[in-house]
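What follows is each chain in one-letter form.
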Amino acid sequence: MTNGTTSKDMAETQEDELRRVWANPKGWRYWTSVNNTQIGLWYGSAAFIFMLFAGVLALLVRLQLAVPDNDFLSADLFNQAFTLHGTVMMFLFAVPIFEAVAIFLLPSMLGARELPFPRLSAFGFWSFALGGVFVCGSIFFNAAPNSGWFMYPPLATDKEYSGIGADIWLLGLSFIEVASIAAAVELIVGIMKCRAPGMRINMMPLFAWYLLIVAGMILFAFPPLIAGDILFEMERMFDWPFFDAERGGDPLLWQHLFWIFGHPEVYIIFLPAIALMAMIVPTFAQRPIVGYSWIVLAAVGTGFLSFGLWVHHMFTTGLPQISLAFFSAASEAVAIPTGVQIFVFIATMLAGRVIFSLPMLFGAGGLAIFVIGGLTGVMVALAPFDWQAHDTYFVVAHLHYVLIGGMLFPVVAGIYYYYPLIDGRKLSDRIGRIAFWLMFIGFNTGFFPMHLTGLRGMPRRVFTYPAEVGWDLLNLISTVGAFIFASGVALIVIDILRPKSRKPEAEMNPWNAGTLEWISEPEENWGVRSIPIISSRYPLWDQPGLIEDIKKGRFYLPDAQDGRRETLVTSVLDAEPLQCLRVGGTSYLTIVSAFSLGGVFIALTFHWWLLTVLFGIVTLGTILIWLWTGTSEIPERNERDIGLGVTLPVYASGPASVGWWAMFITMAGDGTAFASLMFGYFFYWTIHPDFTAGLPGPGVVWPLAAVALFAIAWLVMLLARHANAKDRLRLARLCLFCSVFVTLAACLAGLAGPTLHRMQPTVHVYPAIVWVICLWTVLHGLVAIIMQLYCLAGSFTGRLTANYDADLRNVVLYWHFLVITALTSFGVLGLFPEVS
Amino acid sequence: MRLIPKEVETLWTLFTGPVVWALHFLACYIAAAVYCAKASQVSFSFGTLRLSLFAMTAVALAAILVAAWLSWRQWGFGSGDPPHDAPTRQDRLLFQGFATLLLSGLSFVAVIFVSVPLLFIEVCAR
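Top line first, the protein sequences correspond to chains A and B.
Under my numbering, the first residue of the first sequence is numbered 110, with each subsequent residue one higher.
Under my numbering, the first residue of the second sequence is numbered 87, with each subsequent residue one higher.
One chain only, chain B, in its complex shape (with noise of 0.2 Å):
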């Protein structure tokens, strides 16, 4: 088996790292409503589910950063300057390791944005 996956060719992997955002973005939501609505039936605390989440956001970034590790690498490691618009399959390689790499630098940007209430808010206040 190998460590690092092969490249591949396919259109989906430029989603990655949006897909990565989405899913802790839907983790972040749900496990906070449904904690706040069940509060009185559950057995551990606010600050628990906050550090729980936060390690769900290590989690995240640290996928995004290997989704972004993989483009870099699709992109050549940055060989070739955008944009990229040559008629050759080599070209739209480059092309898509450098928008998918622009798109995991974004979702890691905005994972973070998103965990930041995690550092803030410390209660279920309505």
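This is chain A alone, in the form it adopts within the complex (with noise of 0.2 Å):
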């Protein structure tokens, strides 16, 4: 009886300690939180903001076009209502929305306490709800951009016509580029490095199967676009002329970085909401997923094809078809894992006994609505169709069908499966039933007439149009379907927002679902109050006292003896415990780097160069605090007792640590935005005879001793690391010292190139691209010194030691990326013009 009671006050006592450190800041503070489930609350709805913001447009420029010849909007608002409406729609809520419902999700479905950096989701939300406003705020200044959410120059780079609104495009969205690759490093990190024990790859949830597909996607899709950007806004703001034909660019490299980009967005959009899909669809035929091999199979299938089709949004480019060939193939084979995962889904529901709820619903129409998308995309991916459809409103109608139906309706349909997780309610049935038949019926009627409409001729992105050529009937059809299906949209916006205080609480997994995420209790921040040991893909159908377990403390992590956050570290493959990590907590550093860094963007846009400066500094400083105060702290003990009999090492360095791994991920991003500023030397090389245009290059000797001169600094820094792992910490230091002067050395060494030859960018594309390579390698010298410094500063504190080394090795790592690109940059720079 006195055991029980100790045991039982114990559990309360480990309960309270628990709740203590991770309860939420109160007041205005409450805001400086970086809990998963709070950042991905806000990052939801403020996605979810957006995209009502973007509906509103739609509307407009709906209201614009009901009948011929209007007057509602002027020609230049109408320019700036679809530009924007597109831009939010894609880079503000499709991408985010995924992202947002992952941070929430993610923890309690892997069964951890928290994703790895919990203060890196809080950074990224800030930086995409700045960026989100600065972008939408535009239009209300009539500066928003206009010419279309793909900017293709030469029209976007007419400053005349673009005004200041392509800036604000380029500079707000390579801000919140920079928060998407953030989510991405959290996700790819969380997923692989932080499931509860026991959960091995073959039995992860599908969820984050998918979002470990499309996270990878994010690292090599989003670069090429920030490359473009770089390019784009050097054009504008420096004239440099990438895109200008007459002095040797080609807009069509813009279109390549870009569509590099926007076709693999399209599946990064499309994967998430299809992994909603694979949670939900078990749940209601109250089986497991039939076939979950095959989902594997389509989700990394339709990763890597998506990649081989950014060309069929160029077919009319006159590229040689046999290039078009080639994307147009690759195009139709992506239909085999798409078709698959649907497949999945009607087995599932077959061998199931399907109940069918509301959130089915919205599944089932979304992809009815999908498939009809998807056969069009079929036709499309046709060059000799497209040739006919491109830029007409079939196109318009075959991405609404893709995205409306892959998209938004099964992130509806998630809304209305996950709600209780968030406020321990269901939404309205009945409410819900409405909304779906006014979105699904709104939907078609607005949007199939728009198949006929561009068959008929109508070209996209046109204000007007006369009254005789046959299109007034379909777009007056298209008009009143746009307003029912908002009307749905509507209906479900008042469903979330009005009061449900009188409505009793749902049970704790009140559709019975089976899967780890419905552990999660609303009222509570700690994620789990105890991480489980999994032995099932859905534990909570095949593991009996699981939750009871798992609320009584009974598995590991029960407690926060150190009054620390702490997450648990798994392996890759077999989820076996390695490491009990300190994550950070609560900080206003995140909103301050954020916005300081938003303030670079912004104050870039409107050419205030000392603003600029300042808010790089702020930034800067910023980050340097956020590291030194809040990463590779030396712990007071090594050791942990994580509960039952297990002990666990509370410090990690090199690959065995998360900080590793993040920064491997962070430069394969990094690399393959530098792959792409290559790809546009070569680019510029095969499009002219003689791609130097009789301009000096930066000549042999230069670059080479750049080029030397990195690998030397690469090397001390490989002996720095040995030096301070065997302890000798003078030789370590002396070598990191020596290091940043010979990193200065090769940043000079780079530059001297093109300064002495007298290369001028503004004048020929061949100076610019030589400069902006030149430039891009350079500034990452100039971080590896920061990072060499910070290091030796480090070692003279005491923080970096042989034990505790990571920082170390990971800026070690950050030279191997650099050693690479710097061969590559400054090899290809100074050799590249003799050998052509």
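These aren't lab readings, by the way, just hints derived from the structure by calculation.
One or more hints might be untrue.
Claimed, not checked - Far from chain B, by Cβ distances over 10 Å, these chain A residues were calculated: (1) Asp-178; (2) Arg-309; (3) Gly-400; (4) Val-405; (5) Val-487; (6) Thr-554; (7) Glu-748; (8) Leu-888.
Stated by the list, open to error - Covered, in the sense of this in silico footprint (three residues per stretch, anywhere, with C-beta under 8 Å from a C-beta of chain B), are these stretches of chain A: (9) 421–434; (10) 439–447; (11) 558–567; (12) 644–651; (13) 672–685.
As the list claims (entries may be wrong) - Quick list of the computed label-pair ranges, beta carbon to beta carbon: (14) B:Phe-163 with A:Ala-354: 25 to 35 Å; (15) A:Ile-451 with B:Ala-211: 49 to 59 Å; (16) B:Glu-208 with A:Gln-869: 38 to 48 Å; (17) A:Ile-455 with B:Glu-93: 29 to 39 Å; (18) B:Val-202 with A:Ile-451: 51 to 61 Å; (19) B:Glu-93 with A:Arg-570: 32 to 42 Å; (20) B:Val-202 with A:Val-944: 32 to 42 Å; (21) A:Asp-538 with B:Val-202: 44 to 54 Å; (22) A:Gly-936 with B:Arg-88: 29 to 39 Å; (23) B:Arg-88 with A:Gly-763: 25 to 35 Å; (24) A:Trp-737 with B:Val-202: 53 to 63 Å; (25) B:Phe-163 with A:Ala-911: 41 to 51 Å; (26) A:Thr-426 with B:Glu-208: 13 to 23 Å.
All C-beta atoms in this analysis are idealised placements derived from N, C-alpha and C, irrespective of residue type, glycine included.
Hints given; two lone chains; assemble the complex.
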């Protein structure tokens, strides 16, 4: 009896401890929270608000097109409205909403207490929110981007036409892309390294599989756009002629870089929505998914194939027909894995006893719409058909069928399905059903006629049309449909916002789902009360007593004995516990760094150079404080008893640490951006008989000197790491110190080539692309110097020692990537003009 | 030296087939694009280019077949049926083998898809 009371007391003490450590701050400090539940919710709400805003813009566009020769909107405002509509829907809703859902759901779905970098998620959210408000706000100052969501030059490089809008688009979205890449890093490391013990790779929830693939795709899809943005902004700001055909540039390069991003992006949007369906369908079929491995095939296969489709947006640009045919073939091939997923869902429904609930209704309706969009997609993937349909309303119809069926409907299904996790209550079934039918009927009424308007030749992006060409009735029907659709969306908003305090709270797992996210308790912040041992794909179905044991704290990490926020790190394949990771807690640093980085981008837009520099310094300072105070801390004891007789290390470095993986993933993305710039260099080589246009190059000597110096600096860094590991701290410091100077010399040598040969970047595209590649590499060299100095400071203050060397090992990893970048860039810049 | 590689404990093998597809796709696209841009400066014909890309296709298909065979072995030569959802190392390996095998199949078909244009298109028409 006494024992029982003691253990009960202990459990309560542990619970209080845990609750205190994970508590949200009060008052205005609430907004400094970094907890995944809050960040996910804010992220999702912000994305949803942006969606409603973009939806209103669409309604304005539809009103203008309702009747011929309409003057409801001016041509210019119309251009701003449709550009912002597309931009906001793609960049501020479709991609971020999945990041939001993932940050909200993943930890509990994986049985983790928290993802490994909560502050990074918060930083991503604040970047996104600020960037989004900046881009959306522009239309109220009549300064929104107005050249279409893909910003084609030469229209968008024409300053007289596009005004400041194009800069707002380029800089605002580059800023948001930073947030997406941050989310990708967080998700990949989280899914790979933070699953509950026992959740082997064959038992991961399918949602996690999809998100893993999508996060990987972001790493290779977004950087080409960032590279494109850099070229574009250099042209607009400093007149470097990357897309100006008169000076050797080519607008087609932008199209390549944009669509290398843009097509995978469609799948980056689509896969997470399908991932939601992969969670919902088994629940309502009340059985495990049929063909788990087939879903993995589909997710991985689609992820890869989606990178081979980008030219199908460029079928009418006059590329060689054989190039078009390669992309056409790949576009047809991607239908295979896409179809597999749909058949898997059908098979699961056939094998189980389907409960046709509201989430299933939205899901099934969405899939029906998506299949139509997929079929028209197969049509436009055929080059000859596309030559007819390109840039007409047929394409508008196709893309809305794909995106609204493949993304919006499943997301709404997800909202109805997961709402009890937010509020503890279900949304209204009755309102939901009415909303579904309004949306479904409204959508088809609005968008199906657009196939016909398109086939009748109506081009996209015209602000009005004459009465006698036979487009008026179809357009009127589309407008009516759009408003019916919007009324359905409005009903959902009302359902979410209306006060629900009179409704009884639902039980913990109201749909009787089998996956782990349903253990999450809306009123608690700790993620999971204790981290369970998992032995099934559907633990809530197959592991009796699991919820009880988790809630009673009978599994791992039931306490917070050090008063710190902690989560478990496990192995990639078999999820064996490896480390008890301390994660960052509440902090204002995330907001300050996000807002100051936002300040850099906003100041750049308006060419306020001094302010740009100031904001840059604040950003750098804040990030350094963040790293210094919040990462690689030496723990007061090395090991931690996590319960059930297991003791784990608290500190890890090198490939065993999550930081190392984050660096690796970030640099993979960084390397992709660099590869895109190099693609630009060779692209210009292909389109000109002499791509140097007879202008002087950087010479051979200086670039090769830069290569040699970067290689020496890298070797010295390797030596520094080695010496530090052997506890020869003075040698390690000496190496770091020398490496700083060698790196500086390498950067100067890199700049010397183009400077001494007086390469003028405004004269022709050749000097411009050489300068951009030089500057990219040198900038990375300067970042490396900051890292080296940071390690030196760490070594002198005792933060970096032989046993605690995570910082140094991460910096050396950065150097591996840097040395490849430097070898490639200066090697090519110096030698390629000689051999070509 | 072993002719047939040992089974390895890694997630990366899952992506072998798709990576081969990606390399083959890039090789076809880049070779054709550069050839058509520089056709006046090169000494060989479009037919030669097509032949060499066919050879490349054969190599890619062979590589995928090897990956498929290795994954078939990892899958125990089909000794067990899916779903491979037991909480054991054995089932995890079988799952990896089966998923890799499926992906090899998809990659094989996708490589053939991409090489079909080489059969039909004989000039650099724009």
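Structure-based check of each hint:
1. Asp-178: Holds, because the least Cβ-Cβ distance between Asp-178 of chain A and chain B comes to about 38 Å, which exceeds 10 Å.
2. Arg-309: violated, 5 Å
3. Gly-400: Given a closest Cβ separation of 8 Å, the condition is violated.
4. Val-405: Val-405 of chain A not clear of chain B: closest Cβ-Cβ about 5 Å, inside 10 Å.
5. Val-487: Holds: least Cβ distance 13 Å, greater than 10 Å.
6. Thr-554: Thr-554 of chain A clear of chain B: closest Cβ-Cβ about 36 Å, beyond 10 Å.
7. Glu-748: holds, 26 Å
8. Leu-888: Answer for Leu-888 of chain A: holds, closest chain B Cβ roughly 28 Å.
9. 421–434: holds (count 7)
10. 439–447: Contact hint for the region 439–447 of chain A vs chain B: holds, 5 residues under 8 Å.
11. 558–567: Not satisfied, violated; 0 residues make the cut.
12. 644–651: holds (count 3)
13. 672–685: With 3 residues close enough to chain B, the hint holds.
14. B:Phe-163 with A:Ala-354: 25 to 35 Å: Violated, since Phe-163 of chain B and Ala-354 of chain A (Cβ atoms, about 59 Å apart) do not stay within the stated range.
15. A:Ile-451 with B:Ala-211: 49 to 59 Å: With a Cβ separation near 37 Å, Ile-451 of chain A and Ala-211 of chain B fall outside 49 to 59 Å, so the hint is violated.
16. B:Glu-208 with A:Gln-869: 38 to 48 Å: Roughly 44 Å apart at Cβ, these two residues keep to the hinted range, so it holds.
17. A:Ile-455 with B:Glu-93: 29 to 39 Å: holds, 35 Å
18. B:Val-202 with A:Ile-451: 51 to 61 Å: Since the Cβ atoms of Val-202 of chain B and Ile-451 of chain A sit about 25 Å apart, the hinted range of 51 to 61 Å is violated.
19. B:Glu-93 with A:Arg-570: 32 to 42 Å: violated, 55 Å
20. B:Val-202 with A:Val-944: 32 to 42 Å: 34 Å Cβ-Cβ, so the 32 to 42 Å window holds.
21. A:Asp-538 with B:Val-202: 44 to 54 Å: This hint holds: roughly 50 Å between Cβ atoms.
22. A:Gly-936 with B:Arg-88: 29 to 39 Å: Since the Cβ atoms of Gly-936 of chain A and Arg-88 of chain B sit about 35 Å apart, the hinted range of 29 to 39 Å holds.
23. B:Arg-88 with A:Gly-763: 25 to 35 Å: holds, 29 Å
24. A:Trp-737 with B:Val-202: 53 to 63 Å: holds, 57 Å
25. B:Phe-163 with A:Ala-911: 41 to 51 Å: At 48 Å between Cβs, range holds.
26. A:Thr-426 with B:Glu-208: 13 to 23 Å: Holds, at about 22 Å.
Checked against the numbered hints given earlier, this structure breaks hints 2, 3, 4, 11, 14, 15, 18, 19; the rest are met.
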